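Heads up: the protein sequence lines correspond to chains C and P, in order.
Residues in the first sequence are numbered from 135 upward in steps of one, following my numbering.
Residues in the second sequence are numbered from 135 upward in steps of one, following my numbering.
No lab work stands behind these hints: they were computed from the structure.
Remember, predicted model here, so these are calculated numbers, not experimental data.
One or more hints might be untrue.
Copies of one chain are not kept apart here, so a pair can be met inside one copy or by any two copies together.
Derived lysine-lysine pairs resembling DSS-like cross-links, with alpha carbons at most 30 Å apart [said to hold, decoys possible]: (1) 177 / 437; (2) 330 / 525; (3) 330 / 442; (4) 523 / 437; (5) 400 / 177; (6) 400 / 173; (7) 400 / 330; (8) 448 / 525; (9) 330 / 309.
There are 2 protein chains.
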Amino acid sequence: MTRRVAVVGVGYTKFGEHWERSLRDLSTEAGALALADSKLDGKDIQALYVGNMSAGRFIGQGHLGALAAEYAGLLPIPATRFEAACASSAVAFKNACIAIQSGKYDVIMAAGAEKMTDLMGTDAIATLMGAGDQEWEASVGLTFAGLYALIARRHMAVYGTTREQMAMVSVNNHKNGVLNERAQFRYEITVEQVLKSAMISDPLTLLDCSPITDGAAAVILVSEEIARKLDNPIWVLSTSQATDTLALHNRASLTGLNATRVAARKTYQETGLSSRDIDVAEVHDCFSINEIIALEDLGFCEKGQGGKFVEDGKISRDSEIPVNTTGGLKSVGHPVGATGIRQLADLTNQLRGRCGPMQVTGANTGLALNIGGSGATAVVSMLANGDAKPKR
Amino acid sequence: MTRRVAVVGVGYTKFGEHWERSLRDLSTEAGALALADSKLDGKDIQALYVGNMSAGRFIGQGHLGALAAEYAGLLPIPATRFEAACASSAVAFKNACIAIQSGKYDVIMAAGAEKMTDLMGTDAIATLMGAGDQEWEASVGLTFAGLYALIARRHMAVYGTTREQMAMVSVNNHKNGVLNERAQFRYEITVEQVLKSAMISDPLTLLDCSPITDGAAAVILVSEEIARKLDNPIWVLSTSQATDTLALHNRASLTGLNATRVAARKTYQETGLSSRDIDVAEVHDCFSINEIIALEDLGFCEKGQGGKFVEDGKISRDSEIPVNTTGGLKSVGHPVGATGIRQLADLTNQLRGRCGPMQVTGANTGLALNIGGSGATAVVSMLANGDAKPKR
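Sequences and hints are given; from them, build the entire structure.
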């Protein structure tokens, strides 16, 4: 990266069911939180990058960039919406980093927002299938739980991954989320409860699935020059994006996500670091199986060993690679367009040492993986609180 | 701009009602046309930037970046969708320019696509209102024709702009579009026909309004180093974006678009050029009144004189500032997410001298204005076939 970029402010709303609040309320609150956290002024913001998956269907509203800029009092700065399904806001983040690297801007607010509860349940499910292939998947009745159920069944068949191992992902993330005041679900669950919860799409039960959520998140990104004047900047070492087929049937294998592997490889190349150098990770657990696959695709464990890795307790807060230390999508909630930035906000706080009871001791280098759809988009970002060096 | 960016290939599909073709067919064709035009290979493309306004509602499909990349055979490169209502693809173009300037990529395909005819008429109208304010405008029954009718009435009241002058915008653009093989409507119309066509929203009649259209457009953007090896690169001198309130009632005035003025000022500042240096312009004539206002906001004439400027014949192909020389949104058609790139494709061909019977003699410097919604987003881009210098 030619010009260094840093995160200097983060914020997100309480995630959950906000019946009394609109998308504009939520996005404005998240922006204000991030701005206050950065110690910068609204006048310093030169551009607004907003991730949103489907406000056009959830609330009938497009043109989200302008909407958010107006209500945040940021007019007339450029304001743009980015969409890559559930990876929408990581893509906004990536493009904001590029814009600062280019020299075009020095201070950008990158945000993500989604208001999902205004639609009835089945309409929300149909809207979410916009992230998959309408012609080849939605048209034959597939839902997103269905897509990931196919992936889960295949992973079980090829590698012997068990239902219990998947359940342990949800158990870990709920355990972490208890400590997160902004999480949607703040209670612990057991493997037995996961297995006995309502079947959604065999083998995935309700507690394998991230919820329908309203929420917004924002970060403030600045150039190196400005970052040096502010407290505890967190550096963006790399942010890489890759793409795969929209429909599952066009892929050579269902047991991994090629977009994740391509993006991770690029990130490791760009930084000279490897998975062994990561102290804390946010990974996309939209469904429990996806966290297991992410652990493999990111190189935290061997291919096929993700289930065992979880079962061996290696993702807990004080273990080998603390994953989703604030609750993940499962417990914090998954307002689809906001998740990517929420992950980066929590990762930033881990690297700043500001996570209170959720803090991972000695977290200097962190990684976030945000996935769109069933893996047609993957964005891998690596952040650090200084100059990250390979550990061995 | 630190690192120069050039357009080296352009293409767009026939615009119109493509009942037999899908969004993926159209976007793939546009990309292939632009790539062939550039003499580059698909393997050279490092990222895909796609503008689309509302495929989520028009065809139930989100995740347009991945969709387009897959069908174009471009996997696994990063692929992102940009949305800013009808300015979606100009925003994609702008971000692609920034990405090349940053050094992250050297070759990007920037595209735009929209498939609008799959929805019934009133559903399409409702979908388009996603570009305005759902809570404050759509909820009380306003349509986009209604929003621009309010703007037109105010412009008439304040400046004495006449119905006939507005009609002349459509007459000019249809006259130009006759020569464009890819235009949706290839016939001349008269002022009398415009005035007598069906009333849509007083004072705007059917022939003041751009149509519902299917279509896709693409351009290939490259770094200076690569551009130097290719034929006749067209340089991006500047691309600027600004934002205004989503709803009309929050604006100080209805007779101009502040976002256009802010973006234009920035473009003129960045280039050291003024409106007098522009040889050819593409401006956003979604409704006839908008072209009149654009002429004023871009500085081609004094505020309030846009109607007279058109009446005096100053926008025709051989006049002071040839505008919408290939037909504009009115005659070429307005597949909302594709329009911004279509404008830039036609502008590029004018600056290359490749417009055949539509060619403007001696066109060296050109400007495009793409507007989102009722002016909440404006993107002004200036291109040139060499080093543009002020004319006087």
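Okay, the hints, checked on the actual structure:
For a Cα distance limit of 30 Å, the shortest separation of residue 177 from residue 437 across copies, 29 Å, qualifies, whereas the shortest one inside one copy, 48 Å, does not. Within a single copy, residue 330 and residue 525 get their C-alpha atoms no closer than 42 Å, and across copies no closer than 77 Å, so neither meets the 30 Å cut-off. Taking identical chains as interchangeable, the C-alpha atoms of residue 330 and residue 442 lie at most 30 Å apart only when both belong to the same chain, with a minimum of 21 Å there against 74 Å between chains. Taking the shortest Cα distances, residue 523 and residue 437 sit within 30 Å of each other inside one copy (26 Å), while across copies they are farther apart (59 Å).
Only between protomers do residue 400 and residue 177 lie at most 30 Å apart by alpha-carbon distance; the minimum there is 17 Å, versus 35 Å within a single protomer. Taking identical chains as interchangeable, the C-alpha atoms of residue 400 and residue 173 lie at most 30 Å apart only when they sit on different chains, with a minimum of 28 Å there against 33 Å within one chain. Within a single copy, residue 400 and residue 330 get their C-alpha atoms no closer than 40 Å, and across copies no closer than 61 Å, so neither meets the 30 Å cut-off. In the homo-oligomer, the alpha carbons of residue 448 and residue 525 lie at most 30 Å apart inside one protomer (19 Å), although the nearest pairing across protomers, at 68 Å, exceeds that limit.
For the homomeric pair residue 330 and residue 309, the shortest alpha-carbon distance inside one copy (18 Å) is at most 30 Å, but the shortest distance between copies (69 Å) is not.
Going down the numbered hints, you'll see the structure goes against 2, 7, while the others check out.
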